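Student: Each chain, written out:
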Amino acid sequence: MRIGVVTFPGSLDDVDAARAVRLAGAEAVALWHADHDLRGVDAVVLPGGFSYGDYLRAGAIAARAPMMADVVDRARRGMPVLGICNGFQVLCEAGLLPGALTRNGHLHFRNRDQALRVERADTAWTNAYEPGQEVVVPVKNGEGRYVAAPADLDRLEGEGLVAVRYAGGNPNGSLRDIAGVSSADGRVVGLMPHPEHAVEDLTGPSTDGLGFFTSVLTAVVAA
Amino acid sequence: MSRVVVDVVLKPEISDPQGQAVLGALGRLGHDSVRSVRQGKHFVLEVDGTPDEAELREIAETLLANPVIEDVELHLPRG
Numbered sequence: 001m002r003i004g005v006v007t008f009p010g011s012l013d014d015v016d017a018a019r020a021v022r023l024a025g026a027e028a029v030a031l032w033h034a035d036h037d038l039r040g041v042d043a044v045v046l047p048g049g050f051s052y053g054d055y056l057r058a059g060a061i062a063a064r065a066p067m068m069a070d071v072v073d074r075a076r077r078g079m080p081v082l083g084i085c086n087g088f089q090v091l092c093e094a095g096l097l098p099g100a101l102t103r104n105g106h107l108h109f110r111n112r113d114q115a116l117r118v119e120r121a122d123t124a125w126t127n128a129y130e131p132g133q134e135v136v137v138p139v140k141n142g143e144g145r146y147v148a149a150p151a152d153l154d155r156l157e158g159e160g161l162v163a164v165r166y167a168g169g170n171p172n173g174s175l176r177d178i179a180g181v182s183s184a185d186g187r188v189v190g191l192m193p194h195p196e197h198a199v200e201d202l203t204g205p206s207t208d209g210l211g212f213f214t215s216v217l218t219a220v221v222a223a
Numbered sequence: 001m002s003r004v005v006v007d008v009v010l011k012p013e014i015s016d017p018q019g020q021a022v023l024g025a026l027g028r029l030g031h032d033s034v035r036s037v038r039q040g041k042h043f044v045l046e047v048d049g050t051p052d053e054a055e056l057r058e059i060a061e062t063l064l065a066n067p068v069i070e071d072v073e074l075h076l077p078r079g
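Order-wise, the sequence lines are chains W and P. Quick note on numbering: our numbering labels position 55 of the first sequence as 55, and the sequence is numbered without any gaps. Quick note on numbering: our numbering labels position 11 of the second sequence as 11, and the sequence is numbered without any gaps.
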């Protein structure tokens, strides 16, 4: 199993994401934003950071990078893609996920261990969890407030596209406590918190995040 | 060369915590008459030749603004 991790100028968490991929038992493949070569990967992770310095809007310029044209094309044909933090912002900007991420309601950067409730345990990236399971992973963002028009939020809830929700306090004012959403086919998932920082006891608040990376192994084999 | 201006603001239904912070500061400075502040972006584009309105609208609506959360106004030179 080969899982690509795309590095953009300003990505910070690509090394941690690749490490999480390896700990889950897959081969991590480094992908470069300016290339048009997915190097035969079975799935892709878009990591956290500040691609292009968050200029224009967070994730906006990265979403138009050459590599993203390939990622979008393959994702529309079912390749699993996980966007973490800045990667989630890139997926929304690229139109693969609904909604947008905006400046935190309290205007502060928020960095803490965060409880999440897994609302959907049937996506390519969350099938290792039980529905309703609570996990604790770090959250760290300044522009993580999930927004969409009220009618779109109702549609997301109705179609079951809210993948993970904040539990035990909303860190940034995200509407309806939404921490992460999925595509209709459950193959593309984006979330603001960082499961790749919760994969080892030595460095994380838990190892709860590893399930995101083991889930996709099951999803790719099943497809 | 012509000059094209694009203004981008958050849609009315999207809350603007930066604008609210500015409003709070104005209140503390005694400017009680200001009722609301919405913060946005102002782009100035220098364009070769006569601007192609359709192309500039595409630039404004697909890159400079995110139509999920922002409204955009295109100001072409009067010609």
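The hints are simulated quantities; they were obtained by calculation from the structure and are not laboratory data. Please read these numbers as outputs of a predicted model, since none were measured by experiment. Keep in mind that a hint or two might mislead.
Stated by the list, open to error - Cut-off 20 Å, straight-line C-alpha distance, at most; resulting in silico cross-link-like pairs (DMTMM-like, lysine to aspartate or glutamate):
| no. | chain 1 | residue 1 | chain 2 | residue 2 |
| --- | --- | --- | --- | --- |
| 1 | P | K11 | W | D208 |
| 2 | P | K11 | P | D32 |
| 3 | P | K11 | P | D52 |
| 4 | W | K140 | W | D201 |
| 5 | P | K11 | P | D48 |
| 6 | W | K140 | W | D16 |
| 7 | P | K11 | W | D152 |
| 8 | W | K140 | W | D208 |
| 9 | P | K41 | P | E58 |
| 10 | P | K41 | P | E70 |
| 11 | P | K11 | W | D16 |
| 12 | P | K41 | W | D208 |
| 13 | P | K41 | W | D16 |
| 14 | P | K41 | P | D7 |
| 15 | W | K140 | W | D37 |
Student: Hints first: check each against the structure and report whether it holds.
Tutor: Status of each hint after checking the structure:
no., hint, in the structure
1, P/K11 <-> W/D208, "violated, 37 Å"
2, P/K11 <-> P/D32, "violated, 24 Å"
3, P/K11 <-> P/D52, "violated, 26 Å"
4, W/K140 <-> W/D201, "holds, 19 Å"
5, P/K11 <-> P/D48, "violated, 31 Å"
6, W/K140 <-> W/D16, "holds, 14 Å"
7, P/K11 <-> W/D152, "holds, 14 Å"
8, W/K140 <-> W/D208, "holds, 17 Å"
9, P/K41 <-> P/E58, "holds, 17 Å"
10, P/K41 <-> P/E70, "holds, 10 Å"
11, P/K11 <-> W/D16, "violated, 36 Å"
12, P/K41 <-> W/D208, "violated, 40 Å"
13, P/K41 <-> W/D16, "violated, 34 Å"
14, P/K41 <-> P/D7, "holds, 6 Å"
15, W/K140 <-> W/D37, "violated, 30 Å"
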